[in-house]
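J.: Here's the letter readout for the chains.
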Amino acid sequence: MKKTLALLAAGTALSALVGFPAFSGLRDNGCTRDLGCAASLDATGAERALRVADDDHDDDDDAFRWLWKFRERHGDDDHDDDDDDDDDYGRGAPKAAPAGTVAPPQNGLFVPGATPTVKVN
Amino acid sequence: MKSVFAALALTTALTFPALALARPVTLTTQMNNYGGDGAYLALYVTDKGGAYVGSLWMAGGKSKYYKHLSEWYRATGGDLAQINGITGASVGAGRQLEITLDLADALFDAGYTLHIDASVEDMRDSPNEVAVPLTSAGAGQPVAGRRYIASFTYDM
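Which chain is which? The protein sequence lines are A and B, in order.
Just so you know, we're using full-length UniProt numbering here: the first sequence kicks off at 1 and counts up by one.
Just so you know, we're using full-length UniProt numbering here: the second sequence kicks off at 1 and counts up by one.
In short, the hints are calculated from the structure, not lab data.
A few of these clues could be false.
As the list claims (entries may be wrong) - One-sided excerpt, in silico: chain B residues whose CB lies under 10 Å from chain A:
hint, residue
1, L21
2, K62
3, I99
What the hints assert, rightly or not - When the alpha-carbon atoms are kept at most 25 Å apart in a straight line, the in silico SDA-like pairs for lysine to any residue are as follows:
hint, chain 1, residue 1, chain 2, residue 2
4, B, K48, B, G61
5, B, K48, B, P142
6, A, K95, B, T76
7, B, K67, A, P98
8, B, K62, A, P116
9, A, K95, B, T100
10, A, K119, A, P105
11, B, K48, B, P24
12, A, K119, B, P127
13, B, K62, B, P127
14, A, K119, B, A93
15, B, K48, B, A93
16, B, K48, B, A131
17, B, K62, B, Q30
18, A, K119, B, D105
19, B, K64, A, P94
20, A, K95, A, V111
21, A, K119, B, G140
Heads up, the beta-carbon is just placed ideally off N, CA and C, and yes, glycines get one too.
All chains, please: the whole structure from these sequences, using the hints.
T.: Below is the structure:
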């Protein structure tokens, strides 16, 4: 009998030792009841099911986030080239005023008020 | 009525010398078939001592490439105020750029030189691709460029 009680006590202690950190981990995620309650839906079951779906979605995001971080770390030449070639305007890079929008500079070369004409053949 | 005629005479008298001191000048740049993207060109003038006087035209709108027009950039520091109102698109291989400007008469036969710096993406920069003295005698005479420009001519 003593031996049985000792085994029971040891088993309980072992279960508590292993189970408590796992229970704490669930609490950290704010989903304390999710796993346990997923199997026994009550009045708020729908809400929990939704949370489980959210968790799946987050997992997917994490997988892609890892890929994005990998690409950022190792560079993506195509993306960088696109930035160089096309995003100049979006970044607000300084640009000179195109011909016809303002008068030419008063550098002594041009007649004041004259507008240049340009043709490309 | 007399005062109207007097005002008209006065404005005409003030305007005529300005017109007489200027002339329309056409700058024609014929590009080579160099097999690359559109060329950036900076056309500018230096005096007889080689000092930068001013810019006449900038072909190419993205300022981040202006440093490749190295002589122009060295003279101006890339100052966009130098090319406000005289900036257009870059010029493709084999194309011809024709610009007509009203330029001061005093530019000709006075030791001024017109320079063209050229640059093409992923190809060698070409400062002083063309350097041609501005003289009445030189008008209409084609000048060959060094790398990207087949010929340059100014006509008055």
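J.: Out of the numbered hints, which ones does the structure contradict?
T.: Hints 4, 15 are the ones this structure does not satisfy, whereas the remaining hints hold.
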